[in-house]
Amino acid sequence: MESKKGIVTEVYIPVEEQDIYSSNKIGFKIKVDNEIITLEETQDDFNIGILKNDEVSIIKQTIGGQEFIDIEKVDNNG
Amino acid sequence: MDKYDVLNLYEHNAKASNKIKEKLKEDDIVALVHATGTGKSYIILNYLLENKNQKTLYLVPANSISEHIEKIIEENPYLDRKKDFPNLFFKTYQSLINLSLEEISALDIDTLIVDEFHHLGAPIWGKIVELIIQTHPGIKVIGMTAYTVRDRGTIYERDMTNPDTDELFSNQVISRYDLCDAIIDGVLPKPIYKSTYAYLIEKEEYLESKLEKKDHNSKEYQELSKLLKDIKRRIHEALSIKDVFKQNIKKDGKYIYFCPIQSEEKINNIEDIIKETKKWLYEMGLTDNDFEFYLSTSNMGKLGKLNRESFYNDLDLKGNNVSNKLRIMFAKNQYNEGVHAPGLDGVIMGRTTKSDIVFFEHLGRALSVRGDTKKEYDNLSLKSIEELKKLCKNRNISLKDNEEKEEIIEKLIAPVIIDLVGNIEFIKELENDLKNRIKEITKNEAKEKRKIHIKDASFDIEILNEDLYEILRYVKDRLTMDWIDYYELAKKYYEHYNNLEIPQKFKTIDGINYDEFGVKLGAWLDRQKQAYNGFGTHKITEEQASMLKLIGIDFDTALDKWYKNYELMKKYYEHYGNTNIPKRFKTLDGINYDEKGVSLGLFKGYQKQAYRNQTLSKEKIDLLNEIGFDFTLVSEKEKWFNGYNILKNYYEHYGKYTAIPNGFKTKDGINYDESGISLLDWFNHQKRVYKKGKLTEEQVTLLKNIGVSLTTMTIKERWQRNYELAKKYYEHYGNVNFPKRFKTLDGINYDKDGVNLNSWVGNMQVSYKIGTLSEEQINMAKKIGIKFNEYTVDEIWNKNYELAKEYYKYHGNLKVPQKFKTKNGYIYDEEGTDLGTWIATQRKGYKGQGQAKISTERINLLNQIGMVWFNEKTDDKLQNEPITKQNNKRKKQEILNRVITYLELYDDYDLPSEEDINSKFIDELNHKNKL
Numbered sequence: 573m574e575s576k577k578g579i580v581t582e583v584y585i586p587v588e589e590q591d592i593y594s595s596n597k598i599g600f601k602i603k604v605d606n607e608i609i610t611l612e613e614t615q616d617d618f619n620i621g622i623l624k625n626d627e628v629s630i631i632k633q634t635i636g637g638q639e640f641i642d643i644e645k646v647d648n649n650g
Numbered sequence: 000m001d002k003y004d005v006l007n008l009y010e011h012n013a014k015a016s017n018k019i020k021e022k023l024k025e026d027d028i029v030a031l032v033h034a035t036g037t038g039k040s041y042i043i044l045n046y047l048l049e050n051k052n053q054k055t056l057y058l059v060p061a062n063s064i065s066e067h068i069e070k071i072i073e074e075n076p077y078l079d080r081k082k083d084f085p086n087l088f089f090k091t092y093q094s095l096i097n098l099s100l101e102e103i104s105a106l107d108i109d110t111l112i113v114d115e116f117h118h119l120g121a122p123i124w125g126k127i128v129e130l131i132i133q134t135h136p137g138i139k140v141i142g143m144t145a146y147t148v149r150d151r152g153t154i155y156e157r158d159m160t161n162p163d164t165d166e167l168f169s170n171q172v173i174s175r176y177d178l179c180d181a182i183i184d185g186v187l188p189k190p191i192y193k194s195t196y197a198y199l200i201e202k203e204e205y206l207e208s209k210l211e212k213k214d215h216n217s218k219e220y221q222e223l224s225k226l227l228k229d230i231k232r233r234i235h236e237a238l239s240i241k242d243v244f245k246q247n248i249k250k251d252g253k254y255i256y257f258c259p260i261q262s263e264e265k266i267n268n269i270e271d272i273i274k275e276t277k278k279w280l281y282e283m284g285l286t287d288n289d290f291e292f293y294l295s296t297s298n299m300g301k302l303g304k305l306n307r308e309s310f311y312n313d314l315d316l317k318g319n320n321v322s323n324k325l326r327i328m329f330a331k332n333q334y335n336e337g338v339h340a341p342g343l344d345g346v347i348m349g350r351t352t353k354s355d356i357v358f359f360e361h362l363g364r365a366l367s368v369r370g371d372t373k374k375e376y377d378n379l380s381l382k383s384i385e386e387l388k389k390l391c392k393n394r395n396i397s398l399k400d401n402e403e404k405e406e407i408i409e410k411l412i413a414p415v416i417i418d419l420v421g422n423i424e425f426i427k428e429l430e431n432d433l434k435n436r437i438k439e440i441t442k443n444e445a446k447e448k449r450k451i452h453i454k455d456a457s458f459d460i461e462i463l464n465e466d467l468y469e470i471l472r473y474v475k476d477r478l479t480m481d482w483i484d485y486y487e488l489a490k491k492y493y494e495h496y497n498n499l500e501i502p503q504k505f506k507t508i509d510g511i512n513y514d515e516f517g518v519k520l521g522a523w524l525d526r527q528k529q530a531y532n533g534f535g536t537h538k539i540t541e542e543q544a545s546m547l548k549l550i551g552i553d554f555d556t557a558l559d560k561w562y563k564n565y566e567l568m569k570k571y572y573e574h575y576g577n578t579n580i581p582k583r584f585k586t587l588d589g590i591n592y593d594e595k596g597v598s599l600g601l602f603k604g605y606q607k608q609a610y611r612n613q614t615l616s617k618e619k620i621d622l623l624n625e626i627g628f629d630f631t632l633v634s635e636k637e638k639w640f641n642g643y644n645i646l647k648n649y650y651e652h653y654g655k656y657t658a659i660p661n662g663f664k665t666k667d668g669i670n671y672d673e674s675g676i677s678l679l680d681w682f683n684h685q686k687r688v689y690k691k692g693k694l695t696e697e698q699v700t701l702l703k704n705i706g707v708s709l710t711t712m713t714i715k716e717r718w719q720r721n722y723e724l725a726k727k728y729y730e731h732y733g734n735v736n737f738p739k740r741f742k743t744l745d746g747i748n749y750d751k752d753g754v755n756l757n758s759w760v761g762n763m764q765v766s767y768k769i770g771t772l773s774e775e776q777i778n779m780a781k782k783i784g785i786k787f788n789e790y791t792v793d794e795i796w797n798k799n800y801e802l803a804k805e806y807y808k809y810h811g812n813l814k815v816p817q818k819f820k821t822k823n824g825y826i827y828d829e830e831g832t833d834l835g836t837w838i839a840t841q842r843k844g845y846k847g848q849g850q851a852k853i854s855t856e857r858i859n860l861l862n863q864i865g866m867v868w869f870n871e872k873t874d875d876k877l878q879n880e881p882i883t884k885q886n887n888k889r890k891k892q893e894i895l896n897r898v899i900t901y902l903e904l905y906d907d908y909d910l911p912s913e914e915d916i917n918s919k920f921i922d923e924l925n926h927k928n929k930l
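In order, the protein sequences belong to chains A and B. Everything in the first sequence is counted per our numbering, starting at 573 for the first residue and increasing by one. Everything in the second sequence is counted per our numbering, starting at 0 for the first residue and increasing by one.
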C-alpha cells in the first residue's frame, strides 16, 4: 500500500455526453509532490465531502493484480 | 400600489407568498412545488422585495435562468434592480462545486433560494447546499421546483420531499400547484398537441424477435407473424417525423427545439439535427434567408448568452430584426428549467424523454410563453367564425361541431407542441389527470368554490401512426413474456450495471435503458424475491433461484447480508493482515478482486459511517474489532465524533461537570495516553467553533445532552445577566454594597460558582470612564443605586490626596482611622469619602500587598504630608518576616518602596555614600518604627 498526501486543487463534474445535473460522477485534481493527479469516481457518501484546498490521502493498492487508487479526506482541524 | 400589484402575482402565487412568510416566522426552511410556467420566480421576487436587507443567494441550475429573472426586473417599470434588490446575487450550482470550505463559509448570505431543488437528489449538489446551511446558522432556505423527484425510474431515483426520509425539504412543502391546476385556473392554456409514434420499426423488430422464439407451427405464431409483416410494410409507408414538422411549423413562427442530451453521432447530435431541420425547411419551400437558427448549450459561455438574447429579442446575432422570419432556438439543457422567451409559437420536443419531469417542464415552458396573445386574440376576433374554422383547417387544428368563436380563437393562439419522439403516454396521462381533477372539483362544488376556466377537458391531440401503435400493442399483449424472457432482460441489466438493484418502477425493452413501452422488470424482480421467501402468489423453482443467484440476486435480508459481508472482510483480514480495503474493491471470496463480487470497499466505509453515527450495534463493533477493523476516523465529521465519544466517556467515568485537567491526553476518555487527543483543547475548540456558529444542530444537541455548556454570552448579554442579579440583590438587601468576595447565582445567596458582583461594579466603573457603557445601562444601574465616579482614577487619587493633606494640616498626622469618612478632610461625615480605606489602600500598595500599586511620585507626595507606612506591630512583623518563595514578589516591592523612602531623606545632589548605604540603609531596613 502506498499512501501520499496532497492538496485538492480542483473539484469538477466530468461531463461527457451527459449534462452536469444528470452526471453521477465527480472529479478531483490533486497536487501531490508538485504533480497534478486527476481522479474521477462515481459520487458516493465519502467523496462528495472532499472540497477544494482539502488535504487528502491518495492511497494506491494492488489487490489480486488489480490496482486501486482511493482518495480520502484528511482532517487537521480536530 | 398593492405589493402584489407590483409583480402582478397570480392569485395562487399571492397565496403561496403569504404561506412562505408565515412559515419562515417559525421555521428556517420552506418549499413550494409549482408547475413550470406558473410564475415561481415572481413569488421569490415578491419575498425579496419584502426582505430587501437580507443578503440572498439565488442558486440556479443555469445562467440562462438568472438572465431571465434579471429581465423580469428590468422590464417591470415599478422595479429598480439596485434599489429593490440590493442584496440579491445569483450563482449556478456548478459554480459552487470548486469552492473550499472557507470560501463556502465566507459567502455573506442570510437567505438561500434553491431553484429546481430536485437537483439536490444528486449527492454532490445536496452536499454543497448542506454545507452552506451548516456554515450559516439561522439561514433561511426557500426551495422551489416543478417536480420533486430526481432520476425517476432509474436506480438513482430520489424524492426530495419524501416525508418518510430525511431529505432537506421533507415535510416542508407549503404549496403545490401542478399543470392541471394551472389549466383549470386559466393560468396556462390547453395545448395543441401534434405527435407521431416514432421508432415503430424498432418496436416491431423487438416483437418479431420475441415471436421467433415461439413454436412456428402454432396458430398464434402464424397469426401474429402475418400481422407483423403487414405492419412492417405500413410503417415504411407511414407519415414520418418530417411530415409532422412540415405540417405544423409556421413560416414566421418562433420555436424552441429541445435537443436530446445524449447525442449519438449521425443520429441526434446537434449538428445533425440542425442539418436535418434545414432539409425539412427547404422542403417547405424556405430558403436560407427565410429562417434564423440559434444555439444554446451549457458550455457556450458568452456566445450562448448572445444567442439567447438575440432569440429573446427577435434579432439575428448581428443585431438585425428578424421577427418576420422563422426562428428556431436549438437548446440542449438550457431551456428546460425556468427560462421564458416571449412570443413563442410552440416547442419541438426532440429530446429523449425517459423522464416525465423533463417532458412536463418542456410542456409548461411552451404553455406559458404565448407572447402578445391579446393583440392576436383581438385580430382574430374581427374574423367571422367561418374564417376562423378555415384557419384551423390550414393548421390541422381539429374542431368540434358546437365550438364557440372564443374557443376556436383560444385554440388558434394556443401554443403548438410538436412531439417528434412520441411522448404520447405523458400527454394522455395529463389529460386523464385533468379530467379527474375537474370531476373532483365538480363533486366538491358545495365545499370548494373554485371556478373552472375551461369548458372541455379534452386535449387537442393529433397523433400520427396511432393505429400502427395500437396494432403493435395488441401483438405485444399477445406475446406474453415468459420467465426466461424476463430473466434474459435481468441478465442484461446485471451485465451492464454489475448489480441487480433494479428500481421497482423500472421498465425496459433492452434490459438497460428505461422505456415506457417496456416490460416491468423491477416489479418482476420483486416478485421473484417474494416467491423465494414464501410471500405472494408467485412460485419460483430451485433452478430459477439458482439462475438468478448467478446474476447476483440478493434473496437475503439486510441482516444476513451484513454477516456475509463481514465474513468476506474477515477472510480479507486473514489474508492481507489488515482491513484497509480499497473503496472499489469487489470480491466473491474476500481475497481476489472480482468485478461481479460484493463491494467490500464500500461496505467498509459504511461501517465507519455507522460507527460515527452510533448506529452500529455493540455486537457488530466487537466483531469488527476482532478482525482489527480500523475505526480510525479520518473525515472531519468522523474525527468530531471520535472526540465527542472520548468526552462522553470522560464524563461518564469521572462525573458530569468534572473539569478536564490541562494537558490530559487520552484515547478513551479515561486513561492518560501520550498519543491520544488533548481533551481540554478539543473541548475548548468546540466552544470556539460554536461561537463562530459552525457547530451543527446535531453536534450542539449531542454536547448539551452530555452536559456541556456551550453558551458563550456576548458582552451585552453578560452585562444584562449581572444586572439582573444585582437588581435581585438590591431588591432583597436594599443596597448594592456587594461584599468583595460575595458570589451569587441568584442575586441573594452565596455560591462559589457564581458571579462576583463587586468586581462587576468595579469593571463597570472602568467602562463608564472609557465610555463603553450605554446611556440605557447607566440609567438602569443608577436605578438600583449604583453610583458612578465622575472622575478619572488620577483625579480621584488627587482628590483624596487633597483631603489627606487637609487631615494632616488639621490633625498634624496621617493616622487616619480605617472607617473615617469625610467631605472636607478633617470632620467625619457618613456621606463623605472613605479616607480611612484610601490611606489603608496606599499602605497596601507600598507593602506590595494585593492588587494596589503606588508610584514613586505618589510615595513622595504622601511622605511630604507625614504618611506613616507602617504601624509599630506591622513594621516589626514585616522586618522579621523571612523571605520565601511565596512572598518574595511582595517583599521585593516592599523593599523597593522602603529604598524610595530612604532616598527621599537626601537631596538630589546629595546621595548617600556607599558607607551610608551599607550601614544606614541596612539600619533603615531594620529600623523599629522610627516615627
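Since the hints were derived computationally from the structure, they do not count as laboratory data. Just so it is clear, CB atoms sit at the ideal spot from N, CA and C, and this is done for glycine as well. Some hints could be false.
[To be verified] Computed from the model, here is a short list of chain A residues facing chain B with C-beta under 8 Å:
(1) E582
(2) P586
(3) Y593
(4) E612
(5) D617
(6) N625
(7) E627
(8) Q633
[Unchecked claim] Below, in silico cross-link-like pairs of lysine-lysine (BS3-like), each with a Cα-Cα straight-line distance of 25 Å or less:
(9) B:K569 x A:K601
(10) B:K607 x A:K645
(11) B:K245 x B:K70
(12) A:K597 x B:K506
(13) B:K569 x A:K632
Hints, verified against the model:
The interface hint given for A:E582 is met, as the beta carbon of that residue sits about 6 Å from the closest beta carbon of chain B, less than 8 Å. About 11 Å separates the beta-carbon of A:P586 from the nearest beta-carbon of chain B, more than 8 Å, and the hint is not met. The interface hint given for A:Y593 holds, since its Cβ lies 5 Å from the closest Cβ of chain B, which is under the 8 Å cut-off. Here the hint on A:E612 is broken, as its CB sits about 12 Å from the closest CB of chain B, past 8 Å.
Hint on A:D617 holds. Least Cβ distance to chain B is approximately 7 Å, under the 8 Å limit. Satisfaction of the interface hint for A:N625 is found here, the shortest Cβ-Cβ separation to chain B being roughly 4 Å, below the 8 Å cut-off. Against a cut-off of 8 Å between C-beta atoms, the interface hint on A:E627 is violated, since the closest Cβ of chain B lies about 11 Å away. Evaluation of the A:Q633 hint against chain B yields a held restraint, the C-beta minimum of about 5 Å falling below 8 Å.
Under the criterion of a C-alpha separation no larger than 25 Å, the hint pairing B:K569 with A:K601 is inconsistent with the structure, at around 34 Å. A hinted pair counts as satisfied when its Cα atoms are at most 25 Å apart, and B:K607 with A:K645 qualifies at roughly 14 Å. Taken as a hint, the B:K245 and B:K70 pair is broken in the structure, with Cα atoms around 33 Å apart against an allowance of 25 Å. As the CA atoms of A:K597 and B:K506 are separated by approximately 24 Å, the hinted pair is consistent with the 25 Å bound.
About 21 Å separates the Cα atoms of B:K569 and A:K632, which keeps this hinted pair within 25 Å; it holds.
The structure fails to meet hints 2, 4, 7, 9, 11 from the earlier list, while all remaining hints are met.
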